[in-house]
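So you can see what is in the structure, the chains are spelled out below.
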Amino acid sequence: MKYMLIMRSTDEAKKEYQSRPFEEILEAMGAYNESLIKAGVLLGGDGLADDMTDNFVVDFSTDTPVVTDGPYGETHELFNGFWIIQVGSKEEAAEWASRVPLGPGSKIEVRRVTEMSDFADYADTPAMKQEAAWRAERGEQLA
Amino acid sequence: MTDVKRTLDALWRIEGARIVATLARVTGDLGLAEDLAQEAVADALVQWPESGVPRNGAAWLTTVAKRKAIDGWRRRERLDERYRAMGHELESGPAGEGMAADAWEPIDDDILRLIFTACHPVLSREGQIALTLRIVGGLTTEEIARMFLVPVATVQQRIVRAKKTLSAANVPFEVPDPSEWRERLSAVLGAIYLIFTEGYAATSGDRWIRNDLANEALRLGRILAELVPREPEAHALVALMEFQASRFAARVDREGAPILLAEQDRSRWDRTQIGRAQAALDRADAAGRGRGPYALQAAIAECHATAPSVTGTNWERIVLLYEALGRIAPNPVVELNRAAAVSMATGPASALLIVDQLADEGALRGSHLLPSVRGELLARLGRLEEARSEFATAAALTLNSRQRDVLLAKAAAL
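Top to bottom, those sequences are chains A and B.
Residues in the first sequence are numbered consecutively from 1, following my numbering.
Residues in the second sequence are numbered consecutively from 1001, following my numbering.
Hints may contain errors.
[Said to hold, decoys possible] Okay, the calculated beta carbon distance ranges per label pair: (1) B:Glu1105 - A:Glu24: 15 to 25 Å; (2) B:Gly1275 - A:Ser35: 18 to 28 Å; (3) A:Lys90 - B:Ile1328: 35 to 45 Å; (4) B:Glu1323 - A:Phe79: 43 to 53 Å; (5) B:Glu1039 - A:Ser35: 46 to 56 Å; (6) A:Leu48 - B:Gly1275: 51 to 61 Å; (7) B:Gly1275 - A:Phe79: 16 to 26 Å; (8) B:Val1160 - A:Glu24: 40 to 50 Å.
Calculated directly from the structure, the hints in this document are not laboratory data.
We put the beta carbon where it would ideally sit given N, CA and C, even for glycine.
Assemble the whole structure, with the sequences as input and the hints as a guide.
What follows is the structure, given as C-alpha cells:
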C-alpha cells in the first residue's frame, strides 16, 4: 500500500515555525527523513515552494476558469510538502505521519495512492485505454 | 481488533527490529531477545488500554523487556557483569513508571548484526527466511504462514528450530569479520531475494503474485542497502527487485491468471518504480567494482523495462549479459534463460542446442522450466507434436495451478 503524506500548515504553524532556528527545523526534518529511509519505506517526496510569486490557483467557480494568486490566498493554508511511503497497513502510515516533526497548527493529510488495480473495472473504457497509451509513450521516451 | 492492538502492530513493524536488536546486544542471545520483546508486547496489550499509549512506545517496550531479562537472571542468580551494567543503567534512569521515555537510541549497527545473525549460514534457508521476516521485518508468525501458505505451526517450528540452532552453534550477535564478509553478505542477499521471488512467482498455491511478500523483500533490501552503502550488490539487488516489481500490475489479469511478457500491456508497468530501479543500479555501478550476479540480472531486467515491445527489445545485449552471468554464476536456470534470449536474437534452432545440452546433462530434472522452454522452441520450429508433449510434461511438473493452466493452454493452442 502506498500512501502520500501531505504537509499542510496554517498561519499559526507558520508563526511558530519562524520563531525557531531554521537549522533546527532542517535537522529535525532530516532526521525524520533518515528514519523513513532506514525503515525502507520511503519512495519519494519533496517540499513545495511557498514563494507567492511562483504559485497560483485556478478557480473554477465561474463559467471560465480564472487564474488568481494563491494558493488558498484567504486562509493561507498551504500544501507545502509531501512524502510517498510504502507500508503494510493504514495504521503504519498513521504511525509514520504522527512522527513528522511539526509544531502546533500543522497538519499531515494522509491519502492512499491509487494503483492500477483500483481502476481494473474501467480498464476497457476509452479514457483508460488512452491513459494507458500515454503512459506507454512516456515509457518509450524513458528508454 | 482494538485500536491499541493496531497501534502496537504498526509500532512493532516500524521499531520491532530495533527493539530486538538492542535487546540482543545487551543479552548476547537473539532467541532470548525476541522472547523478551514478545513478553513486553504482551504486557503492553494489557497495560496500554488502561494507561494510554506512551509517547515513546519503543522505549517503553525496550525498558520492560530489559527488566524482564534482569528478573530472569535474578531468578537464576546469574548476577554477572552484564546484569550489573544493565541494572545500573535502568536504575539510574527516571524513577517509577517513567519508563525512560526518551532514552531510545538504537544503534544502526545492531540492525546489521540482526540481519547477519538471522541469515547465518548455520541455518537452513527456510529458517533464515522465517527469522528474517519475523525479527527483521516485524511480521507475525500468522502473517508469514499466510504468505507462504503453510500452517502456523510449521512457521512456529521453523522459528523455534532456527533459534535453537543459533544458540546451540553459539552464534555470536555480530557483524562478521572481513574474511567472512563476502560469504555472509551473499547469504543475506540470497535470503531477501528468495522472499522476493516467492512473491514474484509463487511456487505453489493459486495466486501467482504475492505483492505483500515482494514489498516486504523490497523493504528489507532497501534497509540493507542503506546499512552497507558501499556494497554494490546490495544496491543491485534492490534494482533487480524494483525492475521486476514494476511489472506487477501487468503480470496478472483481472481473474488473477498470469499474463506473459509478450502479452503484457507495457503501459501498465510502473515507470516511477523503473526510475527508482535505474537509480539503484547506478548506485551499484558507482562503487566501481564491476557488476556482480545481481547487477547483471538487474541489467537484463532493465533491457526489458526500457524496451517498447518484445520485438523492439535488445536481445543481443540480453544474450551477452546472460553469458557474463553464466561465467560468474554458472547455473542451469541462467543457461535456460540464455537459451530463451538466444532464440529471440538468433532463432529457435540455436537455442534448442543449448536446451538439449542441458537436458543431456540431466540439469533441472523434475522442474517444469526445461520442458516449458523446450516446448516453446519446438513450437516455433513447427515440431508441434513434440512441443505438445513437452508442455504436458511441464504442466505435470509445476506445483502452481496458475502456471499449470498457462502450460495446458499452450499445449491446447498448438
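The hints, checked one at a time:
no.: 1; hint: B:Glu1105 - A:Glu24: 15 to 25 Å; in the structure: holds (19 Å)
no.: 2; hint: B:Gly1275 - A:Ser35: 18 to 28 Å; in the structure: holds (23 Å)
no.: 3; hint: A:Lys90 - B:Ile1328: 35 to 45 Å; in the structure: holds (43 Å)
no.: 4; hint: B:Glu1323 - A:Phe79: 43 to 53 Å; in the structure: holds (51 Å)
no.: 5; hint: B:Glu1039 - A:Ser35: 46 to 56 Å; in the structure: violated (26 Å)
no.: 6; hint: A:Leu48 - B:Gly1275: 51 to 61 Å; in the structure: violated (20 Å)
no.: 7; hint: B:Gly1275 - A:Phe79: 16 to 26 Å; in the structure: holds (23 Å)
no.: 8; hint: B:Val1160 - A:Glu24: 40 to 50 Å; in the structure: holds (47 Å)
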